[in-house]
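**Student:** Protein sequences appear in the order of chains V, Y and A.
To get our numbering, take the position in the first sequence, counting from 1, and add 97.
To get our numbering, take the position in the second sequence, counting from 1, and add 604.
To get our numbering, take the position in the third sequence, counting from 1, and add 49.
If you are wondering where the hints come from, they were derived from the structure by calculation, not from laboratory data.
Don't be surprised by glycine CBs; every beta carbon is placed ideally from N, CA and C.
Incorrect hints may have been included.
Ranges between beta-carbon positions, derived for each pair [what the hints assert, rightly or not]:
1. A:Val209 with V:Lys362: 46 to 56 angstroms
2. V:Gly457 with Y:Gly886: 44 to 54 angstroms
3. Y:Glu921 with A:Ala168: 18 to 28 angstroms
4. A:Phe127 with V:Phe512: 22 to 32 angstroms
5. Y:Val642 with V:Phe418: 22 to 32 angstroms
6. A:Val209 with V:Pro495: 17 to 27 angstroms
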Amino acid sequence: MNPFSLGVLGIIVFLVLLMLRMPIAYAMALVGFTGFALLSSASASFSMVAKEIFNTFSSYSLSVIAMFVWMGFLAFYSGIGTRLYVFAYKLMGHLPGGLAVATQLACGIFGAICGSNTATAATMGAIALPEMEKYQYDTSLATASIAAGGVLGVLIPPSVIFIVYGMATEQSIGELFMAGIIPGILLMLAYIATILFLTLRNPALGPAGPKASWKERASSLRGGLFEVLVVFALSIGGLFAGWFTPTEAGAVGAAGVLAVSLLGKHLDWTGFKKSLYDTTRTTAMIMLMIAGAMIFGRFMAISRIPFELASWAGSLPLPPFAIVGVILLIYLVLGCFIDALALILLTIPIFYPVVVKTLGYDPIWFGVIVVMVVAMGVITPPVGMNVYIIKGVAPDVPLEVIFRGIWPFLLAIIFSLIILIAFPSIATFLPHLLHGV
Amino acid sequence: GKTSPTSTTPKEAPKKSQTQTIELRLAHFWPSTHPAEVELVQPWSKAIEEATGGKVKIVSYPNQTLLQADSIYDGVLNGIADIGISCFSYTRNGFPVLEVFELPGITYESSRVASTVAWEGIKELNPKEVQDSKLMMVLTTGPGDIYSKVPVRNLQDLKGLEIRATGLSAKTLQALGATPVAMPQSDAYESLSKGVVKANLGPVEVLKGWKQAEVTQYLTQTPFLYNTLFFVTMNLDKWNSLDPETQKAIEKVNEKFFKEVAAGLWDKQNDEALKWAVDEKGMELIQLPADEAQRWIELVKPIQDDFVKRMDKQGFEGAKILNTAKTLADKYNKEFK
Amino acid sequence: MAKKYNGFVAGLSQFLDQIAGLSLVAVMLVVVGNVLMRALFKHPILGTYDYVGFLTATAIGLALAHCALQNAHIAVDFVVERLPRKTRALIDTATNSVAITFWGFALWNLAIYAGTMKANGIVAATSQLPVSPFIYLVAFGLFSLCLVLLSHLGESLRRVAAR
Ligand code: NA
Ligand code: NA
């Protein structure tokens with residue numbers, strides 16, 4: 098069997114194993130291992146598996162996920178999350194879907210500290226999900242909106258994926274960061290519009306509450322919430338002032354929330370232990386899944402499926418915009434099975450020269466488009482990392498309930514993409530302004 | 605990429621290989637647009653394919669798509685890749701003798717000098733640590749410089765300055781009185797931009813490749829402070845499975861590519877990056893006066909002494925190894941002037 | 050017998066999970082300590098980068114079993130849930146057996162990997178800490194994951210046997 102067909106067969110077997118209730122991380126690792134073994138040798142494949150597992154677990158860059166997740170659970174067990182949502186409810190709760198809207202704003206702001214969509218989804222999930230449930234928000238809407246909101250973590254700088262793209266294409270990381278800001282805000286607005294559309298049509302999805310007076314709003318700031326806002330402002334400020342790096346921001350944030358909770362006596366020993374207990378469980382789940390995705394990605398690489406699809410698309414006798422369309426479609430399909438980072442590493446070397454050198458599109462613009470399309474992959478089934486992460490912080494919600502809520506948000510991303518393709522200057526405006534081009 | 609039979613007698617080998625191409629997977633970590641891929645790996649692969657009459661075909665996996673940078677040597681030993689290119693220093697202590705070619709205090713005027721010194725030095729010393737794979741060639745970044753947000757003209761400027769560095773470089777900077785901060789190269793851009801660190805130490809190429817010229821303003825040339833050694837190596841079983849004729853053909857291509865491309869690959873990039881950084885990004889170039897440079901070299905001497913001591917303890921002849929590198933460096937600094 | 054085994058596995062994974070939690074606290078302390086030392090005293094903890102990697106590996110490796118014990122490794126269950134009880138039990142038996150075999154081999158190979166790293170004396174770049182003990186720890190984490198999966202296997206076998 099040639100590598101390409103073996104790759105396709107591998108994907109099919111993987112889907113079958115998923116349907117048989119094998120945990121996703123196991124299925125990815127198992128199929129990745131078997132495929133790699135068939136295309137090289139069993140001993141090489143075992144050695145690959147061992148390295149990927151240890152490299153993922155011991156990755157300095159990924160350690161940030163654990164820290165942000167802990168920060169989220171600390172906020173939850175200290176009741177700070179609750180007070181945050183009481184405040185948000187007093188502020189916006191009288192609007193239908195107001196809390197979901199507030200959560201999107203929070204995802205956007207959090208994206209300015211956190212460079213990873215995984216960590217953004219996990220942290221916001223830990224803080225926001227229990228609260229939205231309290232105010233009787235529809236589970237599907239609540240979970241899906243946070244899974245989708247995680248994408249803002251990579252569009253709004255700092256962003257791990259932009260760094261990887263910038264490296265692979267030798268583009269300016271600074272310009273890419275600048276380019277992500279307005280599209281990030283655009284996407285956030287599209288999410289908010291989606292939430293408003295859904296809840297206006299069916300108010301039961303996000304029931305509106307009573308309108309609070311400004312006095313009530315101000316008084317709900319008490320009880321540690323004010324301090325947390327200060328911690329948050331210090332985190333963003335410290336990042337910009339150069340006190341610490343985005344990778345360090347997770348630990349600093351967790352320490353800040355822990356300090357506020359302890360000083361304000363909002364957290365007891367039991368709460369502290371519970372926060373750690375939830376964090377180890379959630380991060381073990383996430384990291385084993387990332388390791389599985391890495392192993393599966395190695396198999397995909399030597400099956401050469403991504404490379405062959407990419408070079409096929411580049412050689413199509415079609416007008417430029419149609420080729421870009423086909424490329425985006427390929428990303429969407431591959432994104433269903435391959436994790437965001439691996440996907441960029443595998444495909445950019447082939448697509449980038451086609452789109453930028455042959456078709457003449459702006460490299461920075463293409464970077465933003467790619468990040469958006471790839472980010473779509475983290476919420477599409479069957480391999481939608483962010484959806485799994487939300488499932489991890491909300492174990493009781495069935496997976497299909499989250500996936501069911503995803504579709505409107507997927508449409509919001511597609512809508513934003515179309516706008517970006519129609520008006521490329523949305524992405525290129527800020528970087529050009531910066532460099533006076 | 606199925607393994608070819610290892611026990612082919614030379615007699616029947618040519619007949620067999622006419623029908624069978626051997627596909628070799630090559631793993632490295634640079635992006636596919638990087639000169640290491642475009643100017644070395646691709647033309648080299650093509651030359652090998654031609655030299656072996658199409659018998660050996662190399663498929664490149666750039667960008668860490670097959671193996672993570674620090675797993676490449678080990679991955680070649682285990683057959684995950686057939687050929688690998690990466691840094692020796694990613695597996696620290698795995699190559700104790702080869703550390704000599706990265707020691708601070710030895711001046712390399714160019715990457716060509718440093719590469720030639722290392723390649724000849726390895727042939728001369730023939731250390732045991734690289735006998736478990738078929739080393740095809742080595743290459744180096746050559747000298748590294750300090751690029752910074754504040755001017756570094758002397759040791760005083762360096763005192764307490766936060767500089768990104770890992771491993772041996774961190775030791776070097778510590779010896780000079782700077783404050784080394786260990787972080788991955790991928791974190792360096794953000795950290796420089798926000799001032800978490802004020803400088804970085806590395807080949808000038810990084811200024812362009814990692815765009816760090818955007819976030820630094822000064823470049824202090826320090827051709828005695830830094831060098832990184834890369835290997836191009838092949839799985840030994842795979843190599844032994846090739847017939848002698850094919851092996852000879854490949855070795856010929858290797859020698860040619862080492863001399864003509866690999867040895868000076870970084871010089872070309874360093875020159876381009878330097879020109880770009882100075883002309884387009886307006887970085888200021890700082891050259892240390894000879895007596896100042898000498899002071900720096902004196903300060904890092906203890907690291908060389910420490911190396912010799914460690915070698916002796918492990919049963920090698922430390923002084924002889926260090927001397928080999930120094931003598932070759934003197935020779936080629938003159939020869940390639 | 051089975052009850053005793055399950056109790057032992059639960060106790061062990063809970064104990065390992067507590068060490069994992071401590072490791073995460075240590076990660077936070079090291080990173081924040083490094084930030085403070087760097088900002089206030091210009092004296093960063095040079096090995097931070099290495100320590101964080103090793104501590105995270107310890108945390109994740111040792112938390113795997115407890116995570117599996119709580120069925121937190123995410124799976125798609127809506128297809129299987131529609132099948133008859135017996136079929137479900139058979140499927141679970143099969144997938145559990147496959148998973149135990151696979152992770153068993155994987156942990157064995159991690160141990161081999163650790164062995165070669167130890168033999169070659171591989172250390173972390175800056176802190177000079179040996180790498181192999183942490184690979185052994187992750188291998189042990191996978192071993193305890195296998196113990197949990199074994200108790201799941203016993204449970205699904207019981208369901209196969211039940212009428
Ligand atoms: Na971000
Ligand atoms: Na997906």
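**Student:** Compare the structure with each hint and give your call.
**Tutor:** For each hint, the structure was consulted:
Between Val209 of chain A and Lys362 of chain V the CB atoms are about 52 angstroms apart, so this pair conforms to the stated range of 46 to 56 angstroms. Range check, Gly457 of chain V to Gly886 of chain Y: Cβ separation about 29 angstroms, and the 44 to 54 angstroms hint is violated. Range check, Glu921 of chain Y to Ala168 of chain A: about 23 angstroms between beta-carbon atoms, so the 18 to 28 angstroms window is met. Look at Phe127 of chain A against Phe512 of chain V: about 29 angstroms separates their beta carbons, and that is inside 22 to 32 angstroms.
The supplied range of 22 to 32 angstroms is met by Val642 of chain Y and Phe418 of chain V, whose beta-carbon atoms lie about 28 angstroms from each other. Between Val209 of chain A and Pro495 of chain V the beta carbon distance is about 25 angstroms. The supplied range of 17 to 27 angstroms therefore holds.
Checked against the numbered hints given earlier, this structure breaks only hint 2.
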